[in-house]
Amino acid sequence: MFFTITLYISLAIFGLGLIYKVSTWFRYTVGVDARDVPPPQRVLAFVKGLTLTLFSPRILTLLKVFVLDVLLQIKVLQQDFLKWAMHMCMYYGFTLLLLMHGLDKIVTSALFPNYYPTVNPFLFLRNLFGILIIVGIGIAIYRRFILRVARLRTSPMDVYAIIILAIIMISGFLLEGTKITSYSKFQDMVEEYTIQADEEELRTLEAYWVAKYGVVSPEVKAPFDAETLEAGQEAHEMSCVECHSRPQWGFTGYTLAKITKPAALLLDRANASSILWYIHFLACFIGLAYLPFSKMFHIFTTPLSLLANSVMEKGRSDPANIATRQLLELDACMHCGTCSVQCRVGVVFEAMHNANILPSEKIPSVKALVAGKKLNGEEIRNIQEGLHLCTNCFRCTVVCPAGINLQELWFNVRETLLEKGEPEFLVLSPLSLYRGLMKESLELNYYPDPINLALETIYPTGIPLEMQDRTAPLVPSANGWSSTLHTSVQAKTFSQCFSCVTCTNACPVVRNYPNPIEFVGMLPHQIMHAAGMGLWDLIFSSKMLWDCLGCYQCQEHCPQSVRVADVLYELKNMAITQARKKLVKQIER
Amino acid sequence: MNFVLLRCCTTPIVLKQYEWSTNAVMEKLGIGLLDVPELGCCGYPLRNISFKAHVLATARNLALSEKENLDLLTVCNCCYGTMKYVDNLMKEDASIRNDVNTTLAKEGLRYEGDIKARHILQVLYEDIGIEAIKEKVVQTFDGLKIATHYGCRILRPSKVAQFDKPYSPSKFDELVEVTGAKSIDWSTKLECCGSPLWGINNELSLDLTENKLRDAKQSGADYLCVACSYCQIQFDIVQKILLSQRGIGAKLPSILYPQLLGLSLGIDGKTLGLAENQVSISEIEWFLLHKQAS
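Quick note, the sequences are listed as chains A and B, same order.
Position one of the first sequence corresponds to residue 1 (my numbering), numbered consecutively onward.
Position one of the second sequence corresponds to residue 1 (my numbering), numbered consecutively onward.
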């Protein structure tokens, strides 16, 4: 009764969770694409796309991907054998165990009318599949907690999944072990199946089971003479053998039975097997109910992502379907961390300590964003920075074993975030090259806004940009910057500047304008001079910093060996640091 | 002769032809290229934002290459300049070196400074040499006028770059002329291509590019020739945008040096990815003289 009720409750939660999750794929929007398409139209577009694909030659692509990437997981094998071995153990162990053992009344009994969980091959296979999962869990723990691959991060989600799976497996094996030794189980079976046997027969049967089947009896103890065993075997063959293979075939449970043998009577009296049974099925049901909300959901979504990505392409597929696919992809990520380990800028995390830099950690943030979670300015800026700190090299997309088009996702979300109006300073770095190249194809009408916003945030208040006719305050702003600049070898050189203007004359940016001060604020030699005097606010208000190419003409030409370009680079860093501090202060207020 | 090849982040997607042509040319010249999959961003685009991040990214690549006990080869000026800069910095500033190595130790890496950062032009000129390349040339260009674009970071700052004379370089010109083409004089030869500002200040970036293209064209060039990913993106993909936006008729296609040299070495245009260039360079094969019967 309790079993049935909990089963149906967990099934109901699972079903509702599934419906809820799938509905988000059509209800939510990610990024700038297809955000005006209402959900019903998204569903229609999906049905249309699916039908057209299934009745086209692309069905062959789907089949190929299903075999190679879903069943054999070639992509994972090519990257990392250990990871592939881990996943194959878990994937096949779990699937086969679920079908043969978990759903035995539905699947196995239908296929094999003589099915008993206690006869071979089922007894042996159950143990084999189980041990595969245990090996898989073992490798998973080894990889995440002992091997400690750089930047492979473990989230609570990963731990929950391992814990639930481990409880199911360990309780299952212990249950099998205690059932083997259990005297009360033996007695129950005797009562049920040996109706016509007399007392002597039962005594020899018990002796036989103690000797051969691992039962621990309070009544009879080994050793037994050959005669007793022979008689016992006869009784055994009469009543038991049809449904019971030797327990040694259930090698894991049998090993545990041997280990727990000294405590077997105690365990039996404490009704351990029934407690373990409760733990076992409740853990299964909790796992089932939690599945749509856990990383285990990827057993459905990852194959779907692999299949969808094999037949879809930006520009060719319906944008509504691309949007739906991108939401499915968010659920298809199983947080394996391959992208973060291989990310070309992953190492930057060690310098900037924003987890959103790592691709695998961007996914939960993007999920929170699309679900409409309320985020404060700092949280948005962190996600934004992570999304922008990307060279668009596509490596994450190429290596993702779930086939998620990560790069496309980042670009898409990046653009929606920029519209939220939080400043992003990375738009002032060469990482913007890709955005510039994509500008034409995306028709971004707000294209310059984020650049201007970043500049406005950096410019100190109170210092006008067009200041040629005004008097700038000649008092160093007392914010302790000079000490920062002096720490680096190169920056010390600015004090050698005697304002000969050679750097400015060599600068191709300055030469590009008839009246450069109008466009760039301060000229390179003025900036060096201002740095010498500690006039930081003046420097930070100059657009020249952000129009500097880093072409090193100034530095090469300087007769005083001032590392002009190197100093300009360092001033850019300082300008951004002070802007960030300003933003944090605003929040505190 | 073997090198670890640092593939620039931009090449796998927008400049595949740079990878293909480099592989083909280096193979032809007997240079072995080793791919180390862990190599990452060279650090260049990070410098505006975080000095520390940029140094760390560069040092990590150098350390990975040092682990293989091979010099680190790049096909990009910005990668080259950044690597030389960080290599220098780590040698002259012990505190930075220690900081970086402490962080790198987390993934079992360490940079001692025993290897060199190398640029493809440097390897071709210094390690293989003009004469050796000449011996392998099987067909030469006739009447082809090339505006050789050095790019910034291979020349400047000269104390760090250590490739050629910063005001009157000639090595790249010599390499171009090995193919039979003429490397012309043009006044903006040593100026920046404008790429560093693409995406940040597009108008200014286009101004600088347009200025160079016009100058090269007026000086009689048929093609630009570059050996840097960013310069090529600017002179190829961005030039296409420039042509459509500003409507200047002064189209001047840009060829990557390994493509130019590759043709001379008898490698076919398909292997060199000539068709991948956005501003078409396919007509350059017309300039090829006396193809040798094989």
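What the hints contain is simulated information worked out from the structure, not anything from laboratory work.
Beta carbons: idealized from backbone N, C-alpha and C, even for Gly.
Check each hint, because a few of them may be wrong.
Stated by the list, open to error - A short, non-exhaustive set of chain A residues, derived as facing chain B with CB atoms under 7 Å: (1) VAL347; (2) ALA351; (3) LEU431.
Said to hold, decoys possible - List of simulated lysine to any residue pairs, SDA-like, C-alpha gap at most 20 Å: (4) LYS314/A <-> GLY273/B; (5) LYS16/B <-> THR397/A; (6) LYS240/B <-> GLN560/A; (7) LYS52/B <-> ILE380/A; (8) LYS439/A <-> GLY247/B; (9) LYS106/B <-> LYS543/A; (10) LYS543/A <-> GLN496/A; (11) LYS28/B <-> GLY247/B; (12) LYS52/B <-> MET352/A; (13) LYS189/B <-> ARG511/A; (14) LYS75/A <-> GLU38/B; (15) LYS75/A <-> PRO12/B; (16) LYS582/A <-> THR397/A; (17) LYS106/B <-> ALA150/A; (18) LYS165/B <-> GLN560/A; (19) LYS159/B <-> TYR569/A; (20) LYS52/B <-> MET574/A; (21) LYS240/B <-> PHE519/A; (22) LYS492/A <-> GLU38/B.
Going through the hints against the structure:
1. VAL347: holds (5 Å)
2. ALA351: Holds - the Cβ of ALA351/A comes within 7 Å of chain B, reaching about 4 Å at its closest.
3. LEU431: holds (5 Å)
4. LYS314/A <-> GLY273/B: Between LYS314/A and GLY273/B the Cα gap is close to 24 Å, so the pair fails against 20 Å, i.e. violated.
5. LYS16/B <-> THR397/A: Answer holds: LYS16/B to THR397/A is near 17 Å, not above 20 Å.
6. LYS240/B <-> GLN560/A: Outside the cut-off at roughly 41 Å; violated.
7. LYS52/B <-> ILE380/A: The given pair, whose Cα atoms are some 23 Å apart, is violated under the 20 Å limit.
8. LYS439/A <-> GLY247/B: Holds, at roughly 18 Å.
9. LYS106/B <-> LYS543/A: violated (39 Å)
10. LYS543/A <-> GLN496/A: violated (23 Å)
11. LYS28/B <-> GLY247/B: violated (40 Å)
12. LYS52/B <-> MET352/A: holds (8 Å)
13. LYS189/B <-> ARG511/A: holds (15 Å)
14. LYS75/A <-> GLU38/B: Answer holds: LYS75/A to GLU38/B is near 17 Å, not above 20 Å.
15. LYS75/A <-> PRO12/B: holds (19 Å)
16. LYS582/A <-> THR397/A: Distance ~36 Å between LYS582/A and THR397/A Cα, so the pair is violated.
17. LYS106/B <-> ALA150/A: Answer holds: LYS106/B to ALA150/A is near 7 Å, not above 20 Å.
18. LYS165/B <-> GLN560/A: holds (19 Å)
19. LYS159/B <-> TYR569/A: holds (18 Å)
20. LYS52/B <-> MET574/A: OK: LYS52/B and MET574/A at ~12 Å, within 20 Å.
21. LYS240/B <-> PHE519/A: violated (26 Å)
22. LYS492/A <-> GLU38/B: violated (35 Å)
When the structure is compared with the earlier hints, violations turn up for hints 4, 6, 7, 9, 10, 11, 16, 21 and 22 and for no others.
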